[in-house]
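There are 2 protein chains.
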Amino acid sequence: MRTTAHAAAGRGTYHHGNLRAALIEAATALLEAKGPLGVTLRGAARRAGVSQTAPYRHFQSKGALLAAVAEEGFRRLARTITRAARRCRDDPIHALQAMAVAMVGFAAKHPSHYRLMSGPAVRGRDHPALREAAVAAWTILTEAVRDCQRAGGIRGGDSAELAFVLWCLVHGLSVLVVDEQLPPAVRQAIPLERLTEHAARLLLEGLGQRH
Amino acid sequence: MRTTAHAAAGRGTYHHGNLRAALIEAATALLEAKGPLGVTLRGAARRAGVSQTAPYRHFQSKGALLAAVAEEGFRRLARTITRAARRCRDDPIHALQAMAVAMVGFAAKHPSHYRLMSGPAVRGRDHPALREAAVAAWTILTEAVRDCQRAGGIRGGDSAELAFVLWCLVHGLSVLVVDEQLPPAVRQAIPLERLTEHAARLLLEGLGQRH
DNA sequence: ACCTGAACACCGTTCAAGT
DNA sequence: ACCTGAACACCGTTCAAGT
Chain Z
3 MRTTAHAAAG RGTYHHGNLR AALIEAATAL LEAKGPLGVT LRGAARRAGV
53 SQTAPYRHFQ SKGALLAAVA EEGFRRLART ITRAARRCRD DPIHALQAMA
103 VAMVGFAAKH PSHYRLMSGP AVRGRDHPAL REAAVAAWTI LTEAVRDCQR
153 AGGIRGGDSA ELAFVLWCLV HGLSVLVVDE QLPPAVRQAI PLERLTEHAA
203 RLLLEGLGQR H
Chain X
3 MRTTAHAAAG RGTYHHGNLR AALIEAATAL LEAKGPLGVT LRGAARRAGV
53 SQTAPYRHFQ SKGALLAAVA EEGFRRLART ITRAARRCRD DPIHALQAMA
103 VAMVGFAAKH PSHYRLMSGP AVRGRDHPAL REAAVAAWTI LTEAVRDCQR
153 AGGIRGGDSA ELAFVLWCLV HGLSVLVVDE QLPPAVRQAI PLERLTEHAA
203 RLLLEGLGQR H
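Protein sequence lines, in the order shown, are assigned to chains Z and X. Residues in the first sequence are numbered from 3 upward in steps of one, following our numbering. Residues in the second sequence are numbered from 3 upward in steps of one, following our numbering.
Watch out, some of these pointers could steer you wrong.
Which copy? The list can't say, so a pair holds if one copy fits it or any two copies do.
[As the list claims (entries may be wrong)] Derived SDA-like pairs: lysine to any residue, alpha-carbon spacing no greater than 25 Å straight-line: (1) Lys64 to His200; (2) Lys111 to Val52; (3) Lys111 to Gln183; (4) Lys111 to Gly154; (5) Lys64 to Ile142; (6) Lys111 to Leu32; (7) Lys64 to Ile95; (8) Lys64 to Arg196; (9) Lys64 to Gly37; (10) Lys36 to Arg125; (11) Lys111 to Asp128; (12) Lys36 to Glu199; (13) Lys111 to Ser63; (14) Lys36 to Gly155; (15) Lys36 to Val52; (16) Lys36 to Gly159.
The hints are simulated quantities; they were obtained by calculation from the structure and are not laboratory data.
Using the sequences and the hints given, assemble the complete structure.
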């Protein structure tokens, strides 16, 4: 934030400011303001107060800048679900459900950012740091599943596999929300939070011990 | 197909050929060949053998053309899952599982097309025909759920709500596949088809009568 | 080491004009 | 009714040049 204010004021020449961080910040602002199609390398440079070609000193391409923005998104997502889980450390199943709700809530609150994170603009294959951040978020969920298994809340077996199914469900809901593709019949009546809880509960019942 | 051949041969002047269909076809070809970012209004026009501005007689904008391509994708998807279900008409639960596998298979086979269908490039809100096609596909799944309920395979209640949860799960998996975001631990060992079956089974157990 | 300016090959879209 | 050509305001990226 401070960096942007600095650039906006136009006092510095940016010759020793942290342009890299400023560009990530500018791109993020563009993303939230104008959506994925509104993010432009030139636009980010303008917003940071530098020439159109300056970004190439810090990012190999537009994709590399977007990857950095997405990476930051995954870090925020990880923080968000961690915080949600901490609030119910006593009941692992409840914690898992809270994480699911928090994740969908994050997507609903930052649709463009979530879209970028899961979009084709940045493929993790080309950006190791991005992939790491994504895996870190995903690992948190896996560990929460393992906690549930230890506590006897859900069946045994490969926790990564079980966590993956939950991830699919929550990610699928998030993406539908972000793309405004919730079927009208569903969207009309049910608040998002209850919808997520409901979906997670159905799955967790499937993951129960009884089967 | 025939239209493209016709255009490629360069014999007609396209003054009465079906340019609209030819453009949809050209855009689809570009999409499959070069991915979502490779689809261009000018490129589609070139491929169809007309000037850059000709498309505007048939589509209000690039978005409208993309919406038409996405619409066709939903129709193909609907056909695909219908066909899959027909092959096991005797067992509704098995049919539902087959539909899930077919849907993920469709996404894996046509990643760019699936991406476009669920992307931000085309919002259903602005394109009623697209929305209709999407709802039609989604309705097929809902009816399959209802069949299961009648047969006693899964619990009662709002079939749209249950179908929606299944849709989230399958769509989430499809999107992860398309975006190449399957966690390494998962992708390494398990073939996609088995993964889908496994995910669907877990959920369907959650949807069972016992709870 | 970091940044600028001009340039290239593209875009989507508009508008006047052609048949 | 349907299409073309020139034009406008943008892109991402490269390259030589500046400090």
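Each hint, compared with the structure:
In this homomeric assembly, lysine 64 and histidine 200 never come within 25 Å of each other (Cα to Cα): the closest approach is 39 Å inside a single copy and 38 Å across copies. Taking identical chains as interchangeable, the C-alpha atoms of lysine 111 and valine 52 are never at most 25 Å apart, the minima being 30 Å within one chain and 43 Å between chains. For the identical chains of this complex, lysine 111 and glutamine 183 are neighbours both inside a copy (16 Å) and across copies (22 Å), given an alpha-carbon limit of 25 Å. In this assembly of identical chains, lysine 111 and glycine 154 lie within 25 Å of each other by CA distance neither inside one copy nor across copies; the values are 33 Å within and 39 Å between.
Neither within a single protomer nor between protomers do lysine 64 and isoleucine 142 lie at most 25 Å apart by alpha-carbon distance, with minima of 30 Å and 41 Å respectively. Taking the shortest Cα distances, lysine 111 and leucine 32 sit within 25 Å of each other inside one copy (16 Å), while across copies they are farther apart (34 Å). Proximity of lysine 64 to isoleucine 95 under the C-alpha cut-off of 25 Å is found in neither arrangement, the shortest distances being 41 Å within a copy and 47 Å between copies. Proximity of lysine 64 to arginine 196 under the C-alpha cut-off of 25 Å is found in neither arrangement, the shortest distances being 38 Å within a copy and 37 Å between copies.
Both within a single protomer and between protomers do lysine 64 and glycine 37 lie at most 25 Å apart by alpha-carbon distance, with minima of 15 Å and 17 Å respectively. Proximity of lysine 36 to arginine 125 under the C-alpha cut-off of 25 Å is found in both arrangements, the shortest distances being 22 Å within a copy and 15 Å between copies. Only between protomers do lysine 111 and aspartate 128 lie at most 25 Å apart by alpha-carbon distance; the minimum there is 22 Å, versus 27 Å within a single protomer. For the identical chains of this complex, lysine 36 and glutamate 199 are neighbours neither inside a copy (31 Å) nor across copies (39 Å), given an alpha-carbon limit of 25 Å.
In the homo-oligomer, the alpha carbons of lysine 111 and serine 63 never lie at most 25 Å apart, since the shortest distance is 28 Å inside one protomer and 29 Å across protomers. With identical chains, the CA atoms of lysine 36 and glycine 155 are never at most 25 Å apart, being 43 Å at best within one copy and 46 Å at best between copies. In this assembly of identical chains, the alpha carbons of lysine 36 and valine 52 lie at most 25 Å apart only when taken from the same copy (20 Å versus 33 Å across copies). Within a single copy, lysine 36 and glycine 159 get their C-alpha atoms no closer than 44 Å, and across copies no closer than 41 Å, so neither meets the 25 Å cut-off.
This entry does not satisfy hints 1, 2, 4, 5, 7, 8, 12, 13, 14, 16, going by the numbered hints stated previously.
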